[in-house]
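Student: So the sequences go chain by chain: A and B. Quick note: the first sequence uses the working numbering, first residue 9, plus one each step. Quick note: the second sequence uses the working numbering, first residue 9, plus one each step.
It is worth saying that the hints were derived from the structure and are not from the lab. Do not take every clue at face value.
Note: identical chains are not told apart, hence a pair may lie in one copy or across any two.
Claimed, not checked - Derived lysine-lysine pairs resembling DSSO-like cross-links, with alpha carbons at most 27 Å apart:
#1 470 - 454
#2 269 - 230
#3 470 - 457
#4 384 - 470
#5 269 - 221
#6 221 - 470
#7 53 - 256
#8 404 - 109
#9 53 - 399
#10 438 - 404
#11 333 - 384
#12 230 - 256
#13 470 - 404
#14 333 - 470
#15 380 - 340
Model, not experiment: these values are computed from the prediction.
Protein chains: 2
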Amino acid sequence: MTLRRSRTALFSLALVAGFSVAPHYQSDHWSTATAQAAEEKIGPKVTSFFLANGMQVVVIPDHRAPVVTHMVWYRAGSADEPPGKSGIAHYLEHLMFKGTKTTANGEFSSRVAAIGGQENAFTSTDYTGYFQRITPDVLAEMMALEADRMENLVLTDELIIPERDVVQEERNARTENNPGSLLREAMVAALYQNHPYGIPIIGWQHEVNSLNKDDAIAFYDKFYTPNNAILVVAGDVELDVVKDLAEKTYGKVARRAEPGKRMRPSEPPPRAARRVEMEDARVRTPSFQRLYLVPSYNTAEDGEAEAFEILGELLGGGSTSRLYKSLVIDQKIATSGGSWYQGGSLDDTIFGFYGAPGQDTTLADVEAAIDKEIAKLLASGVTEKEVERTKNRLIKQAVFSQDSQSTLARIYGGSLSLGATIEDIESWPKRIRAVTPEAVNAVARKYLKKKRSVTGYLSPEKKQG
Amino acid sequence: MTLRRSRTALFSLALVAGFSVAPHYQSDHWSTATAQAAEEKIGPKVTSFFLANGMQVVVIPDHRAPVVTHMVWYRAGSADEPPGKSGIAHYLEHLMFKGTKTTANGEFSSRVAAIGGQENAFTSTDYTGYFQRITPDVLAEMMALEADRMENLVLTDELIIPERDVVQEERNARTENNPGSLLREAMVAALYQNHPYGIPIIGWQHEVNSLNKDDAIAFYDKFYTPNNAILVVAGDVELDVVKDLAEKTYGKVARRAEPGKRMRPSEPPPRAARRVEMEDARVRTPSFQRLYLVPSYNTAEDGEAEAFEILGELLGGGSTSRLYKSLVIDQKIATSGGSWYQGGSLDDTIFGFYGAPGQDTTLADVEAAIDKEIAKLLASGVTEKEVERTKNRLIKQAVFSQDSQSTLARIYGGSLSLGATIEDIESWPKRIRAVTPEAVNAVARKYLKKKRSVTGYLSPEKKQG
Numbered sequence: 009m010t011l012r013r014s015r016t017a018l019f020s021l022a023l024v025a026g027f028s029v030a031p032h033y034q035s036d037h038w039s040t041a042t043a044q045a046a047e048e049k050i051g052p053k054v055t056s057f058f059l060a061n062g063m064q065v066v067v068i069p070d071h072r073a074p075v076v077t078h079m080v081w082y083r084a085g086s087a088d089e090p091p092g093k094s095g096i097a098h099y100l101e102h103l104m105f106k107g108t109k110t111t112a113n114g115e116f117s118s119r120v121a122a123i124g125g126q127e128n129a130f131t132s133t134d135y136t137g138y139f140q141r142i143t144p145d146v147l148a149e150m151m152a153l154e155a156d157r158m159e160n161l162v163l164t165d166e167l168i169i170p171e172r173d174v175v176q177e178e179r180n181a182r183t184e185n186n187p188g189s190l191l192r193e194a195m196v197a198a199l200y201q202n203h204p205y206g207i208p209i210i211g212w213q214h215e216v217n218s219l220n221k222d223d224a225i226a227f228y229d230k231f232y233t234p235n236n237a238i239l240v241v242a243g244d245v246e247l248d249v250v251k252d253l254a255e256k257t258y259g260k261v262a263r264r265a266e267p268g269k270r271m272r273p274s275e276p277p278p279r280a281a282r283r284v285e286m287e288d289a290r291v292r293t294p295s296f297q298r299l300y301l302v303p304s305y306n307t308a309e310d311g312e313a314e315a316f317e318i319l320g321e322l323l324g325g326g327s328t329s330r331l332y333k334s335l336v337i338d339q340k341i342a343t344s345g346g347s348w349y350q351g352g353s354l355d356d357t358i359f360g361f362y363g364a365p366g367q368d369t370t371l372a373d374v375e376a377a378i379d380k381e382i383a384k385l386l387a388s389g390v391t392e393k394e395v396e397r398t399k400n401r402l403i404k405q406a407v408f409s410q411d412s413q414s415t416l417a418r419i420y421g422g423s424l425s426l427g428a429t430i431e432d433i434e435s436w437p438k439r440i441r442a443v444t445p446e447a448v449n450a451v452a453r454k455y456l457k458k459k460r461s462v463t464g465y466l467s468p469e470k471k472q473g
Numbered sequence: 009m010t011l012r013r014s015r016t017a018l019f020s021l022a023l024v025a026g027f028s029v030a031p032h033y034q035s036d037h038w039s040t041a042t043a044q045a046a047e048e049k050i051g052p053k054v055t056s057f058f059l060a061n062g063m064q065v066v067v068i069p070d071h072r073a074p075v076v077t078h079m080v081w082y083r084a085g086s087a088d089e090p091p092g093k094s095g096i097a098h099y100l101e102h103l104m105f106k107g108t109k110t111t112a113n114g115e116f117s118s119r120v121a122a123i124g125g126q127e128n129a130f131t132s133t134d135y136t137g138y139f140q141r142i143t144p145d146v147l148a149e150m151m152a153l154e155a156d157r158m159e160n161l162v163l164t165d166e167l168i169i170p171e172r173d174v175v176q177e178e179r180n181a182r183t184e185n186n187p188g189s190l191l192r193e194a195m196v197a198a199l200y201q202n203h204p205y206g207i208p209i210i211g212w213q214h215e216v217n218s219l220n221k222d223d224a225i226a227f228y229d230k231f232y233t234p235n236n237a238i239l240v241v242a243g244d245v246e247l248d249v250v251k252d253l254a255e256k257t258y259g260k261v262a263r264r265a266e267p268g269k270r271m272r273p274s275e276p277p278p279r280a281a282r283r284v285e286m287e288d289a290r291v292r293t294p295s296f297q298r299l300y301l302v303p304s305y306n307t308a309e310d311g312e313a314e315a316f317e318i319l320g321e322l323l324g325g326g327s328t329s330r331l332y333k334s335l336v337i338d339q340k341i342a343t344s345g346g347s348w349y350q351g352g353s354l355d356d357t358i359f360g361f362y363g364a365p366g367q368d369t370t371l372a373d374v375e376a377a378i379d380k381e382i383a384k385l386l387a388s389g390v391t392e393k394e395v396e397r398t399k400n401r402l403i404k405q406a407v408f409s410q411d412s413q414s415t416l417a418r419i420y421g422g423s424l425s426l427g428a429t430i431e432d433i434e435s436w437p438k439r440i441r442a443v444t445p446e447a448v449n450a451v452a453r454k455y456l457k458k459k460r461s462v463t464g465y466l467s468p469e470k471k472q473g
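Build out the structure end to end from the sequences listed, making use of the hints.
Tutor: Okay, structure coming up:
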């Protein structure tokens, strides 16, 4: 059960095709590609419909091989947790494998394995997803199993308390033993002054320690209702078959709640630049990060998110980017350097910079060099040529990403979970093509302000004052 | 209706007797004295009892003049607000003057004025209070009026929407037009990563904008119930009279809710030093602040809060303190400098430092000088003599503060709202006397760690990157 510590970048492609060579701030961030059927004419015909109980179903045909990707997405993530219950979304994701009225603890996974399937699950700030890769002949059984745990989960203290230790071990491995993750937690907590995105997806350790059955059941009953779920089936299967099977399985699950529109506390206008400085004995190479609070695809004005997508790539996506060329190749101030935009989130999100000093340079040198590139950008802007090149690169990555059935399924599930429509996804290349250099300059000038930012330094331990 | 932007320092005395000459970080912070009857033998005999509906009553005799201080405290403040509803505690405090089933809008205040009373109200993170200074002959009427609005508040949109503008104007005057307050908001938001103390008492402006009648009534119904209230009557009145009047007024108010134990999301262990840098065109003199997350009287282990009380005073309370002598008098690096402990809060609180550079020095100079004093403290500790002198000073201030009837009433009301007992308040001088230099050194070494801190710089505006 993979925890997704970062939010899905709704339409960002940088990492999907293995493009990004520079170490990325959020290494497990899975940016997702889009179907750009409209422009590149290679995308599959995606169909979406709703069951009577409100569950959305998306079917993505792919007949290249006898494989099906089956996913259920819930529109609920860590940012939907009640105060003081951080980690419950992710803990519940683990508990979904603990058995139902008719299946035993672990039986879900053993049956998936028995039918030759592969499975995983993930929790983000805005959604929780469960997926399996199976052969088409067992889709009916797979859907019955997944629909069963949507309404029949049975939790007992005997089963779930040990799983809390598993979750804590996961936190230890990913966060407590990883200074970079600890710094990221502290930076994100400093960036978000009011919004729950400031709370880590896996939860604060001390709060996870006291999560219990009632907390899990309350979250399950509130959010794991079919009208809050999206089924995505991609692969070697016909629409009619999926429709029929979905009605016979998920269609039988009663609505248990009306989660309604998701309203989280929003951010006040940022007033002051913040810095987070962490020293840790386990750090070998220092690293620099800068996060800016910026709009997401869901909160941006028209075209702003697309402009950020281009800005992130142009400025810092890979070894041909401005930052890499300037800091790493030309000036040799840094051994890595880049920028990224995490556009896929329900609420305001992050535009980030990163860099690591070399043997003879410091974090302050890297910061100054990045600030100089930002100042240059704000003063002189981007060129038509750079923007065109970046558009081509982004769209090419989207084409590549279509090759992966599970990536496509993730794109659709993630985007729809965040309120996008099929049309939004399909029109992405067109919207990227429409971005002008002026639009890129405008978002940079509007949002890359120090007072909207948190700067982070991670250093080997020195003596503390 | 005064907004208390800072929490009451439960037993801290530094400001009560007008002692502190240096500009204080939180200028409207009203630190409160304690009754130290046990030691100094001058305190009044304070009585406390409960009405049948669970309301606590505290009577503090003071027969020097025909004056009575009448206060009602609710154990509910901004940290008890639901997510996204910041400011509702303070907004409700304003709305409590809007009329009841039997009184018109503004009638409460006009009747208090008609009986020759003075009144005010205040909201903190942990409590909300209403008080009047009256003559003894009108106490019955005063109690009837206050008891009436405990259960009979009537709100209409016509009356309350304009009051929201009043609250916003208050925020404009206190915060938006005050760069120091904006910096404080940002620093406190950065200090608290999970706990609602990170949210300003007056509320985030954008959230206050959408508060409505339902939000106010929900908060009122949940918290303004007699079993969540404390009545404090100080002054020229006999216990039996208060008891009789309280039973006839507040005693008739039915319990409407069971707020139970207050459980707020708590802080994760701090991992990284944070900095907040604000530039603002309105700033004339730069200023430096440092906040450390430390235990309060309510969360500290035995004796730690008392040790912090001494540390704050010894290090930075006024012109005889270490910091003032070193930074202002000897080195002439700063024009002000000091430290403070805000011990009175339900959950973990703040130990703070402040300083302002002179004509020829910078914020970095002030910070370095304060850091040097902290390093010296951690390395060499405090002396027996300094600690004794500080104890005497603190206890003397407590004696002075007893002279004010309303201060005494505030001490009792505030402390009891935060979970203290009468005995806790009365034993404070004894507990201060018991603090050893080792205990002071121990809390300094345990808590004055950079990773527990937020450092703030407020500067005149320069060009932003």
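Student: None of the hints should be skipped; say for each whether it holds.
Tutor: Against the structure, the hints:
When the C-alpha separation of residue 470 and residue 454 is checked against a cutoff of 27 Å, the pair qualifies only between copies, where the shortest distance is 18 Å, while the shortest distance within a copy is 37 Å. Taking the closest pair of Cα atoms, residue 269 and residue 230 come within 27 Å of each other both inside a single copy (13 Å) and across two copies (25 Å). Taking identical chains as interchangeable, the C-alpha atoms of residue 470 and residue 457 lie at most 27 Å apart only when they sit on different chains, with a minimum of 13 Å there against 31 Å within one chain. Taking the shortest alpha-carbon separations for residue 384 and residue 470, only the inter-copy value of 17 Å comes in at or below 27 Å, while the best intra-copy value is 34 Å.
Within a single copy, residue 269 and residue 221 get their C-alpha atoms as close as 26 Å, and across copies as close as 21 Å, so both meet the 27 Å cut-off. In this assembly of identical chains, residue 221 and residue 470 lie within 27 Å of each other by CA distance neither inside one copy nor across copies; the values are 43 Å within and 54 Å between. In this homomeric assembly, residue 53 and residue 256 come within 27 Å of each other (Cα to Cα) only inside a single copy, at 24 Å, whereas the closest approach across copies is 76 Å. With identical chains, the CA atoms of residue 404 and residue 109 are never at most 27 Å apart, being 47 Å at best within one copy and 69 Å at best between copies.
In this assembly of identical chains, the alpha carbons of residue 53 and residue 399 lie at most 27 Å apart only when taken from the same copy (24 Å versus 79 Å across copies). Within a single copy, residue 438 and residue 404 get their C-alpha atoms as close as 13 Å, which meets the 27 Å cut-off; across copies the closest is 75 Å, which misses it. Taking the shortest Cα distances, residue 333 and residue 384 sit within 27 Å of each other inside one copy (14 Å), while across copies they are farther apart (46 Å). For a Cα distance limit of 27 Å, the shortest separation of residue 230 from residue 256 inside one copy, 23 Å, qualifies, whereas the shortest one across copies, 45 Å, does not.
Neither within a single protomer nor between protomers do residue 470 and residue 404 lie at most 27 Å apart by alpha-carbon distance, with minima of 46 Å and 42 Å respectively. Neither within a single protomer nor between protomers do residue 333 and residue 470 lie at most 27 Å apart by alpha-carbon distance, with minima of 32 Å and 30 Å respectively. In this assembly of identical chains, the alpha carbons of residue 380 and residue 340 lie at most 27 Å apart only when taken from the same copy (15 Å versus 36 Å across copies).
Taken one by one, the earlier hints fail for this structure at numbers 6, 8, 13 and 14, listed in ascending order.
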